[in-house]
Amino acid sequence: MKERDAFASYHPVVNFIFFGLTIGFTMFLAHPCCQLISLVCAVIYYARLKGRKAARLSIRYALPTAFAAAVINPAFNHKGAITLFRLPTGNSVTLESVLYGLSAAVMLSAVLFWFGCYSEIMTSDKFTYLFGRIIPATSLILSMALRFVPKFKTQFLLAREAREGMGVEKSGVGIIKRIKNACSCFSVTTTWALENAVDASDSMKSRGYGLSGRTAFSIYTLCDRDKYVLCFLALCGFYLFSGSISGGLYWRYFPSIRGAAIDPLNVSFQIVYLGICMTPIVVDVIEERKWKYLRSKI
Amino acid sequence: MEILKIENLTFYYPETNIPVLDKLSLSVGAGDFFILCGRSGCGKSTLLRNIKPQLKPHGILKGNVFFDGKPIAELSDRDAAAKIGFVMQSPDDQIVTDKVWHELAFGLENLGYDTPTIRRRAAETAAFFGLEGWFYKNVDELSGGQKQLLNLASIMVMQPELLILDEPTSSLDPIAAADFFSVLTRINRELGVTVIMTEHRLEEALPLATRAAVMERGRISFCGDAANIGKALKANDCEMFSSMPAAMRIWGSVNTNLECPVSVSEGRKFLSEYVDGSENMELNPVPQSKPRVLGKTLIEADDAWFRYEKGQADVLRGATVSARAGEHLCILGGNGAGKSTTLKILSGLYKPYRGRVKREGRVCLLPQNPQTLFEKKTVAEDIEAAGALSDVPKDERKNRIQDIISLCRLRGLENRHPYDLSGGEMQRAALAKLLLLNPDVLLLDEPTKGMDAVFKEEFAGIIEKLLDRGTCVITVSHDVEFCARRADRCALFFDGSIVSEGTPREFFLDNNFYTTSAARIARGIIPGAVVAEDVIQAIGGEITELVEHSLPSGDVYNKFADNVEALQNEKKLKPLPLWRRFCGISFIAISIYIFVYSLKTEKLSQMIDSGGINDRGADQLIIYGALILSLIFATVFLSRKSFQTAFAQEPRERRKLSRRTAASAALVLLAVPITLFVGIVYIDRKQYYITALLILVECMIPFFMIFEGRRPKARELAIVSTLCALAIAGRAAFFMLPQFKPVLAMTIISGVAFGGETGFLVGSVTMLVSNILFSQGPWTPWQMFAMGIIGFIAGVLYRKGWIRRTRTSLCIFGIVCAILIYGGIMNPTSALIWGGGSLTPRILAAYYIAGFPMDCVHGASTAMFLWFIAEPMLEKLDRIKVKYGLIE
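So the protein sequences, as listed, match chains A and B. Read in this note's numbering, the first sequence has 310 at position 287, and its numbers run on one by one without any break. Read in this note's numbering, the second sequence has 506 at position 132, and its numbers run on one by one without any break.
Errors might be hidden in some of the hints.
Among chain A residues calculated to face chain B with C-beta under 8 Å, some are [said to hold, decoys possible]:
1) L131
2) E187
3) M189
Everything labelled a hint here was simulated from the structure, so no lab data went into it. Where a beta carbon is used, it is the ideal one built from N, C-alpha and C, also for glycine.
Whenever a hint applies, use it, and build me the whole structure from the sequences.
Okay, structure coming up:
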């Protein structure tokens, strides 16, 4: 597993726009080539972030859902020109619907893997930073809730220990009693949490919360490399968007499979898409190389 | 120059006629390190809070407070926030955000500084306080001492002129407290900031003070530098004298013209001068305490080895501890030496992986924080709740409870809420709860933390009585004075085992650093003296007795009890007419029958085939419809309109639509049709998901914007985030059971207690944050919307009084919400996500049927959670509303 990913050290805006673009295009573009690009990049990046083992495990989990998505479609959808075989009920299973199901499965897995990467990269503080200016109160709630969760967990465990310390048996009691025990621990925690929340609000007030003109501080600065990547993403995104509007990435399954012709212009769209999806991996590899190179010079 | 001047300040809490502050006058010079001493409940905190405008308590105030020559009421909000800093007692509860850097920046953000300024100030503050190492950490990774230091730093970053601290070290151990004091001294000496502090650790704090004052019953009785305070206290034979540092007490017990000492070194100087100076001074022998008669060994750990996790280092390395009936064993030692772990091993909470633990009779552990034991709303009820665990027969329990209440000196406090007690009283209430279990061995973890001298003495008195009854007591403590005075045997814990052990006298005389201040003062001058009383007797002085606390009469909190009572009276209503009850119950029975029937007879695989759902499936849909209908009927019959009560209803706030609200409403009205149009005309028909998602997000925007637009108060934010965090923690606790989560129940409760808007926020933020913490996917916005809308509906229905707030109605409402709304939104969502865009009514129906069993589980679990927690939760929330003044 990697200690820290280079792309994660970029400005949150860069991270967020990257994921917005990739996840959006993954859901939007039906072209099988695009979908494959997206899936492959997502899996590679996921593996880089979480380690190969975790990736293998996730693939194992993703397969059944993808399979379900692939199977459900031909079972329900009987459009299409080429009939493969007929079901006992008399409905036909068509090649188009099978392929369409497959494409849905690929799209779904790609989205899930991208979201897996997103959770790794877009940590809570980046999220609160991004929304701190638009929705300051809500993002403060987010930050406070994130602070309270581990606090309450500890308190719940303490309450349980306190109960056990009173001589309540730990194991070997009936399920009802255990639920009741858990409920009274929860009750203890709730009282504690609510009663002490006033301190937090007092502390907020005494530090001037509620004055007009609140600003949002962040530890992030938009530096040159962020700007380059941002420009790159913006240009690529615009190019791809125009491409898809003009039909350069067109693909349909029904009634018969048709796609945009393979010409240099259309291939360029695919390459640009690959460029977008590969951004974090490329950034990562370049920084790693640079690091090794600098080390070797010492 | 004076920075703070208080003239004739009188303060009454609402609906009380005894003033907490009584014509109090005080002035504090710029640059002073001012310590305010006084017993618990003398009005210190009230005074301090009246100096900080943002924290001014509700009540009637007369008199004047001047800050920097200006009346404090004329101070602008901005100045009041920045120039007067306030640090509270609990390190944990004052921290607002989740990151150290954010906490430091929080105050400056409120003041509206730009990023470069905040960065510079945060940097220099972090450097001054030595926080650089943990700048990027999460706050929950910090220790208690570090947290309190962070609280201090995040006040100091605002560059206050006056720093107020209300017992800042009461929950810290002595080492962390000493660190804190040294930083405080630096702030005072190097930065020239005026410091006003209340503190129980006078032994360490008083020598730091340039000026001090003693407060009694709402008045300042003496004011001056520490030595003069000592003189005045002695001259007036004041009861606070017993709480003063040992050096001062020794000095006060004899007649002398020598200067009053404050610190240990001054005390040593005084003592040697006094002993050498007086002619024919003959030292009395130090009194020897007579050993108690001990019974048999009740508890014993023999060569216990323990670690918390497999790969970690050992916490206990061959600890050997034993104690006998009627014996008081005190275990001392540094942080992380394994003292608390030893108690847990002895109590049986953990098992050692090597070595044996033998126990005889019942062993009870009093946890460090007594608040972890309180579950009921009054002290008496709370003690009684422990009765279910004890083997005392029911009819004897009443007498026993009365017994314990008088033993623990809780009389007059029985009907208080445990959280309305002061620290010392709380500790006694928790002890009382344990005593109902009739323990043979009592294990106490830091029982004297945060107690003032009188409370300590009272607590020790109770322990003494228990020892006489033959109870074995083992105390783990940092409180050297308490152990020296009260233990039969002391043991020093180091590196996972006991390194030295003996009677307090042997133990503390052998130690050089880890000993009482009296022993340090008397070392080499009076052989064998350990506590201040030893020294006093040796030099022939007079021992002052501690006067016990009298119980406060008319108190602030009684009105909470009254309000809660009013609520309970309101609950007792005429029962529903028989026919309605009959109908309601029969509909519940029908729903249960249908549910069981449908589970039994139908298999999913038979209902869905290649053509979506078949006829049997369609029948099944009708059955499900019948189930939902019968549930709705049951709700109609069993619920009724609510009375308009203060709790159930809040007057509609008259507020103008803010610009943000108006803009967001317009946005939605415009955006939704446009999105629909664009989605249908331009985007491929198959991309339903994107269109639907956009509409959904647009529907959520106004909720958040309205919330933002009215600039919610700090208390509201604190409560909403607390509720969210509780729900998230609940979701995490049940992660292994699909759909068996308390989130929906918590959302409904929040809506019922605080209204639709709060319900929406709690529901949606809970789903958002828990997805951030666990795993996010394309379903996040849908879950947010579904949960939010349920909270909103619950709020509207219950707050408007359309449905009565009863257990049954809440449970049924929970089931209906889970199946109809949550399932109703999430099932088509899965159709959208998994189906890859092809959406027909048949596919939708198939997803509904496939999702139905899970929805039923969700509904049933929600009903169960509501059944168990709704009532106590609502009770607690109602109390909070009164206590925080959320309803006027």
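Each hint, compared with the structure:
Look at L131(A): its Cβ gets to within about 7 Å of chain B, closer than 8 Å, so that hint holds up. Checking E187(A) against chain B by beta carbon gives a least distance of about 6 Å; that is within 8 Å, so the hint holds. Proximity of M189(A) to chain B holds as hinted, the smallest CB-CB distance being about 6 Å (cut-off 8 Å).
This entry satisfies every hint, going by the numbered hints stated previously.
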